[in-house]
Structures are given as C-alpha cells and as structure tokens.
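Line by line, the protein sequences are chains F and R. Each residue of the first sequence is one higher than the one before, counting from 1 in the numbering used here. Each residue of the second sequence is one higher than the one before, counting from 1 in the numbering used here.
One thing to keep in mind: the hints can contain errors.
[What the hints assert, rightly or not] The calculated lysine to any residue pairs, modelled on SDA-like cross-linking and capped at a C-alpha distance of 20 Å, are:
| hint | chain 1 | residue 1 | chain 2 | residue 2 |
| --- | --- | --- | --- | --- |
| 1 | F | LYS112 | F | PRO135 |
| 2 | F | LYS112 | R | SER42 |
| 3 | F | LYS112 | R | PHE25 |
| 4 | F | LYS112 | F | THR123 |
| 5 | R | LYS2 | F | THR233 |
| 6 | R | LYS77 | R | MET23 |
| 7 | R | LYS77 | R | VAL37 |
| 8 | F | LYS112 | R | MET1 |
| 9 | F | LYS112 | R | GLN48 |
| 10 | R | LYS2 | F | SER116 |
| 11 | F | LYS252 | F | ILE236 |
| 12 | R | LYS2 | F | PRO135 |
| 13 | F | LYS112 | R | GLU41 |
| 14 | R | LYS2 | R | THR81 |
| 15 | F | LYS112 | R | LYS135 |
| 16 | F | LYS112 | R | ILE47 |
| 17 | R | LYS135 | R | ASP108 |
Hints were generated in silico from the structure; no laboratory data involved.
Each chain, written out:
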Amino acid sequence: MGSSDPDARDSLPRVYSLFESPLSDDVIEEARTELMAQERLASLGSLSAGVAHELNNPVAAIERVGEYLADDVIALLETAPDRKWAALAISALTDGLESIALSSRQERELRKEFTSATGDGATAMRLTLGGIRDPKLARKAAKGSEIELESVLQTTENSEETEEDLGLITIRTLSPRPGWVRVQIADDGPGVPRDILPRIFEPRFTTKSGQVRFGMGIGLSVSRTIIGRHYGTMRIDTGESGTTVTVDIPTKAPKEQQ
Amino acid sequence: MKLSIVILEDDAEVRAALERDLMTFAPTVRIEPAEDVLDAESVIEEIQDDDDAFALILCDHRLPGTTGIDFMIELAKREATAETRKVLITGQSDLQDTIRAVNDAHIDHFIAKPWNADDLLHVVRNELTEYVVAKNINPLRYLQVLNQVRALDAFREFSESD
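If we strip away everything but chain F, and leave its shape as in the complex, we get:
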C-alpha cells in the first residue's frame, strides 16, 4: 500500500488536470446548453408528430365525406322551397366542382389565351392546372414575383417618407473571391445586445409570458445548418449602427475526401 500511494498521487493530478483547465466550466455549460436545446427540439418534434396524427384522422374522414357531400347537398337544394336561392347555390356549387374538369378543348383554348397574356406557355399551363380561369388574373399571377419585389421596394420607400422610422434593410451580393458568392444583409437597427450575442445561433424554444412559443434563434440556427450543408459560412457583425449578416457560399462543392 505504502509504495503504491505515491504513484497514485503522481498520476491523479494529471488525470484531473484535463478537467481543471480554466475553460472547463464554460465547456461543460456549453455542452449542457446544447444538449438541452436538442432535447427541447426533440420534444417539439414528437409533439408535432402527435399533432399531425391527430389532424390526419379527421382530414381522412373529411376527404371521404367530401366526396359524397357535393352530391347530397345538390340533391337537398333541389327540394328547397326558395327556388331562386337554390338555383343560385346549385350553380355556384357546380361551377366550383367543374373548375378542374375543363374539357381538353376548353383547356387548350384557355392555355392559348394565357400564353398570349403571359408570353410563356409553361406558365400558362401551370396557371390552367392551378384552376385559374380568368386571363386578367393570369396576367397578374404571372407578374407575382415582380409585385413581391415592388412591395419590398415600397417598404423601403415608405420608411423614408413616413415619420415613423421603419428602418432600412440593404441586401448586397458580390463575389469576394473566385468561386465564392457573398450575400450581405444589413439593417440600421440598434444591433444585437452583447449579452445575447453568443446565444443567437442556439435553437431555442421559450415559454415567455406563460405561453409556449418559438423565440428568436430557430431561424438563425436553421440558416446556419443549411449554409453549412453547402460548405458556406455565416458571420454576424453587429454594433450600435446596425447588424450585418454575411453569408459566403462556394459555387462548387469541394471534392469528396475519401
């Protein structure tokens, strides 16, 4: 015993030293936080699966009933005392039912009209299949992407015109070096507070004000995962004059390392 004690005393501190580095508490705390975050996500996942199951059953029933409902309702309406109203309701119902069931001739006619309205046959086909029947609507739908961009521009314009400061978001795209694409999104807000900065990428699920709700953080965490899968990086620079998120993504995936 006496001869082995000194050996043990010599070896023990070396083993413990692994855990006694100045960072050890932080490292453990970080790992614990990460684990808890993952657990919360896992419980959210099983909760969602439960909800999905509860929804699927009634949806299946609705689907079955729905198939017969239209027939039954029309039969019922035909016996209604208010003939004028019943006729109106029936025609609305049958219009709805037949909105998909165009004859192939009608469909081709409509597509020709849409093609001339939108200038694109593929879009015309998509709109027809999507149940659009009005060429005016088709023209608008085809321009949907432009409208969306317009509304973004409008928001930034509004922020300059109105007294209420809505803030300015700048989106820049550039190529920092060959083979890489950079997207920068910057705002002119107050910046991210120092104390929450280290945690903004953490997936979180908070129960603030007694309500279960998603806190900020899930979006950034998901973004980081997606960007990581594309071998890119995401950086956040923040200060009192605003926050800039910089995403760098290579245009080609690096070769597989085998």
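Keeping the supplied structure of chain F fixed, place chain R upon it in accordance with the hints.
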C-alpha cells in the same frame, strides 16, 4: 420546331394529374391534352400544322367508343405517326390486349395506374430520347428533357459520320 407530347385520357382528373407530373418538361416540350380520339386527331393535326414534332403519346387504354390500343395501331400504320413513341397508361388490360399492343401497335412502354411520378418522368425522358435519336434531331435544344448520355452519344456518332 418543338417536341410535342399528347396526353390522351378521358378522365379530366387523371389528365390533369398527368399534365401536372409533366409540368417540369413544359418549358422545353409542348404538352397537349386530349379527351377522346377525335380530339386527339385534331391536336395531332395542329402539331403537324405548326411544324412541331409529335414525339410521344401517353394514351389511356379505356377510351370512349374505342381503346387506346386500337388508336395506337392506327397511329402505327400512318407514315407521319409511325415513329411517334407510344406509351399506354392502363388500369387494366387482358392478355389479348397486351398481345395486340406489342404485335400490332408497337407500343414502347406500359405504365400501370396508379403510376409513380418519378417513374413516369423517367419513361417520358427515355422515350423522347429514343425519338430524337431515331429522327436524327439535334438533341442540344432538348437536353433538359432527355437522357443526356444516350442523346449525346448518338449525336456524336451522327455528326462524326456526317
């Protein structure tokens, strides 16, 4: 000139489902629906009038007044449509039908209902490729909807022998 696909199916829902599945090909290929043989004939005529190529027909077997196989036998007989690739989409067909489909209608592929969208796209891609190769059509414009390796190999041989 545009490669064209005719979908001959009398059930509007099924026809729309087929069109929806082929939607990804729409920017490159002309896709025309038809609900009966008469309608299909006028569509085919329209395609030929526009100098487009009637490359493929996806045909339901049970049609009003006739069968898909009878119509495809008819198409196989005509010079203008003999080369058109013929795919039968069927929920049921007996042995007699199948024998006629192979022997007389020169059907290139059978698809069973219900179909899988990926399988359908795969079949359509291969059949369009076979058509382009058989007709010596320059595949470059249509590569997005073709089996690219097969199309380019054939094209290389073709331009080398040229």
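Here is what the structure says about each hint:
1. About 10 Å separates the Cα atoms of LYS112 of chain F and PRO135 of chain F, which keeps this hinted pair within 20 Å; it holds.
2. With a C-alpha separation of about 15 Å, the suggested pair LYS112 of chain F and SER42 of chain R falls inside the 20 Å cut-off, and the hint holds.
3. Restraint check for LYS112 of chain F and PHE25 of chain R: satisfied, since their Cα atoms lie roughly 18 Å apart, inside the 20 Å limit.
4. The hinted pair formed by LYS112 of chain F and THR123 of chain F meets the criterion: a straight-line CA distance of about 11 Å does not exceed 20 Å.
5. Using a Cα cut-off of 20 Å, the hinted pair LYS2 of chain R and THR233 of chain F is violated, with the two alpha carbons roughly 43 Å apart.
6. Pair hint LYS77 of chain R plus MET23 of chain R does not hold up; C-alpha atoms about 30 Å apart against a cutoff of 20 Å.
7. Taking the CA atoms of LYS77 of chain R and VAL37 of chain R, the gap is about 16 Å. The hint holds against a cut of 20 Å.
8. In summary, the hint linking LYS112 of chain F to MET1 of chain R is supported, as the alpha carbons are separated by about 17 Å, within the 20 Å threshold.
9. At most 20 Å may separate the alpha-carbon atoms for a hinted pair to count; LYS112 of chain F and GLN48 of chain R meet this at roughly 17 Å.
10. This hinted pair checks out: LYS2 of chain R and SER116 of chain F have alpha carbons roughly 18 Å apart, not beyond 20 Å.
11. About 23 Å separates the Cα atoms of LYS252 of chain F and ILE236 of chain F, which puts this hinted pair outside 20 Å; it is violated.
12. Restraint check for LYS2 of chain R and PRO135 of chain F: the C-alpha separation of about 25 Å exceeds 20 Å, so the hint is violated.
13. Among the hinted pairs, LYS112 of chain F with GLU41 of chain R is consistent with the structure: their alpha-carbon atoms are about 18 Å apart, no more than 20 Å.
14. The hinted pair formed by LYS2 of chain R and THR81 of chain R meets the criterion: a straight-line CA distance of about 15 Å does not exceed 20 Å.
15. A hinted pair counts as satisfied when its Cα atoms are at most 20 Å apart, and LYS112 of chain F with LYS135 of chain R does not qualify at roughly 28 Å.
16. At most 20 Å may separate the alpha-carbon atoms for a hinted pair to count; LYS112 of chain F and ILE47 of chain R meet this at roughly 14 Å.
17. A distance of roughly 16 Å separates the Cα atoms of LYS135 of chain R and ASP108 of chain R; the hinted pair therefore holds under the 20 Å criterion.
In the structure shown, a violation is registered for the earlier hints numbered 5, 6, 11, 12, 15, in ascending order.
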